[in-house]
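Let chain Y serve as the given structure and place chain U on it in line with the hints.
There are 2 protein chains.
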Amino acid sequence: MEFQKTAQNRVKRGRKKASYDKAVIYSILDQNEICTVAFNVDGKAQAQPINYGRCGDLLYLHGSAKNRMTSILAETGEVCLSVMTLDAMKLTRSAYHHSVKFRSAIIFGEVRELSTEAEKLQGLKTIINHFVADRWEHCRSPNAKELKATRVLEIKITSASAKIADTPPVDEPEDYASDYWAGIIPVKTVYEYPLADEKLKQGVEIPSHVLEFYKAKRQSKKIKQ
Amino acid sequence: MEFQKTAQNRVKRGRKKASYDKAVIYSILDQNEICTVAFNVDGKAQAQPINYGRCGDLLYLHGSAKNRMTSILAETGEVCLSVMTLDAMKLTRSAYHHSVKFRSAIIFGEVRELSTEAEKLQGLKTIINHFVADRWEHCRSPNAKELKATRVLEIKITSASAKIADTPPVDEPEDYASDYWAGIIPVKTVYEYPLADEKLKQGVEIPSHVLEFYKAKRQSKKIKQ
Numbered sequence: 000m001e002f003q004k005t006a007q008n009r010v011k012r013g014r015k016k017a018s019y020d021k022a023v024i025y026s027i028l029d030q031n032e033i034c035t036v037a038f039n040v041d042g043k044a045q046a047q048p049i050n051y052g053r054c055g056d057l058l059y060l061h062g063s064a065k066n067r068m069t070s071i072l073a074e075t076g077e078v079c080l081s082v083m084t085l086d087a088m089k090l091t092r093s094a095y096h097h098s099v100k101f102r103s104a105i106i107f108g109e110v111r112e113l114s115t116e117a118e119k120l121q122g123l124k125t126i127i128n129h130f131v132a133d134r135w136e137h138c139r140s141p142n143a144k145e146l147k148a149t150r151v152l153e154i155k156i157t158s159a160s161a162k163i164a165d166t167p168p169v170d171e172p173e174d175y176a177s178d179y180w181a182g183i184i185p186v187k188t189v190y191e192y193p194l195a196d197e198k199l200k201q202g203v204e205i206p207s208h209v210l211e212f213y214k215a216k217r218q219s220k221k222i223k224q
Numbered sequence: 000m001e002f003q004k005t006a007q008n009r010v011k012r013g014r015k016k017a018s019y020d021k022a023v024i025y026s027i028l029d030q031n032e033i034c035t036v037a038f039n040v041d042g043k044a045q046a047q048p049i050n051y052g053r054c055g056d057l058l059y060l061h062g063s064a065k066n067r068m069t070s071i072l073a074e075t076g077e078v079c080l081s082v083m084t085l086d087a088m089k090l091t092r093s094a095y096h097h098s099v100k101f102r103s104a105i106i107f108g109e110v111r112e113l114s115t116e117a118e119k120l121q122g123l124k125t126i127i128n129h130f131v132a133d134r135w136e137h138c139r140s141p142n143a144k145e146l147k148a149t150r151v152l153e154i155k156i157t158s159a160s161a162k163i164a165d166t167p168p169v170d171e172p173e174d175y176a177s178d179y180w181a182g183i184i185p186v187k188t189v190y191e192y193p194l195a196d197e198k199l200k201q202g203v204e205i206p207s208h209v210l211e212f213y214k215a216k217r218q219s220k221k222i223k224q
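The listed protein sequences derive, respectively, from chains Y and U.
Per numbering that gives the first Met the number 0, residue 0 is the first one in the first sequence, and the count goes up by one each step.
Per numbering that gives the first Met the number 0, residue 0 is the first one in the second sequence, and the count goes up by one each step.
In case anyone wonders, no lab produced these hints; they're calculated from the structure.
Treat the hints with care, since some could be wrong.
Stated by the list, open to error - Sample of chain U residues at the chain Y side, in silico, Cβ under 10 Å: (1) Tyr19; (2) Lys43; (3) Pro48; (4) Leu90; (5) His137; (6) Arg139; (7) Thr188; (8) Phe212.
Beta carbons are placed, not taken as given, at the ideal position from N, Cα and C, and that holds for glycine.
Just chain Y, same shape as in the assembly (with noise of 0.2 Å):
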């Protein structure tokens, strides 16, 4: 299933690069917990990090009910996010062809504020599931006042691209004589073993949707529920 292609999504710059498939897309979205929105302030763009979770078609973020980029958001009724994965650094004999590796994703969504408890205790599940799958499960829910104090967000994605860039460095044929050095300089993001709180209390164990998480990251997948 891929996204439609309008003046909104549609790749201008690279399009050999880019991607309408919602699986693509959305895979992209799942191997991240931050993404950065963009939101207008006095009519002036202002980007902001944060985290959120995907369940289908759905996206949630949430923050204080005081905060104001989701307050904003919330008022806005629509927003734009991005978030991005750096797989490597490419060095190239020419400055000019210097970049990078990585996946991108660029979503735009009609946001809306959610007011159930019930809604909003769906919304902080996905939220806390994608940050680690089963958590939710293994936590203590939030009781009315946590509730009350968080503002929930759902976004209903309407449209989408990603970029995939994977190929390697690439010179102008007159250069590859030279004697610069050319090659790539890989880049991950690694997730160490988990580390017990230290006020834990004695004999609680890691419990197996931790080590699981950690497992699948150290394969660079991430478990999705």
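For chain U alone, coordinates are given in the frame of chain Y:
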């Protein structure tokens, strides 16, 4: 030296994590290669990742002369961008207190499109040497055709803030007796050993500036020329 706190850059939520110190903000910029820029298209805010270079209070961005985002930024004359490094995932006994350790910076600046070849070369040198220190001196400089095809933007940083979250997990007092596991999963960006391009001229060894970059990143520090 600190940036003045104004309505624009003042951190509203999580004030204890906030810093307006130039040294702190610039070290976050220097440890990263990619930022996310916010810009308006027909009055709607969009987010898009791009690489950058810093020299003093100036940032440089570049793109194809046909690139829409850099064209819009040049026209708008001002920009907001953000960078973020994820350092750990914080798992708490309560869903409510789940969080991450991170270092982020939000930058506001005035944008000027560089027009002379000398200015553009200086901007591109900053970007390439921010990418890998000393790289500019060890690759072929852009020629007139390449320079013409490239738009280079200079951003004078006028305001900024950082947020650094590096505290251990915290729960409500009544949750510490629970059997739920709490702890952190450290996250690291690892730069692996440089791999030569398959088409590299025979006899060309990995140069010292590339090995130095690798070693510096292994020590979680980036050399800044």
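Tell me if lysine 43/U is really an interface residue toward chain Y, meaning its C-beta lies closer than 10 Å to one of theirs.
-> 7 Å, holds
> Can leucine 90/U be said to touch chain Y, with a Cβ gap under 10 Å?
Replying inline: 7 Å, holds
* To do: Report holds or violated for the interface hint on phenylalanine 212/U, using the least CB-CB distance to chain Y and a cut-off of 10 Å.
  => 7 Å, holds
**Request:** Let me know if the C-beta of histidine 137/U comes in closer than 10 Å to any C-beta of chain Y, holds or violated.
**Result:** 6 Å, holds
Given hint proline 48/U near chain Y, where the shortest CB pair must fall under 10 Å: 4 Å, holds
Hint tyrosine 19/U vs chain Y: min CB-CB distance below 10 Å?
16 Å, violated
Closer than 10 Å between Cβ atoms is the bar; does arginine 139/U clear it against chain Y? Give me holds or violated. Because about 4 Å separates arginine 139/U from the closest Cβ in chain Y, which is inside the 10 Å limit, the hint holds.
- Item | Supplied contact hint for threonine 188/U, tested at 10 Å Cβ to chain Y | 6 Å, holds
Checked against the numbered hints above, the structure violates only hint 1.
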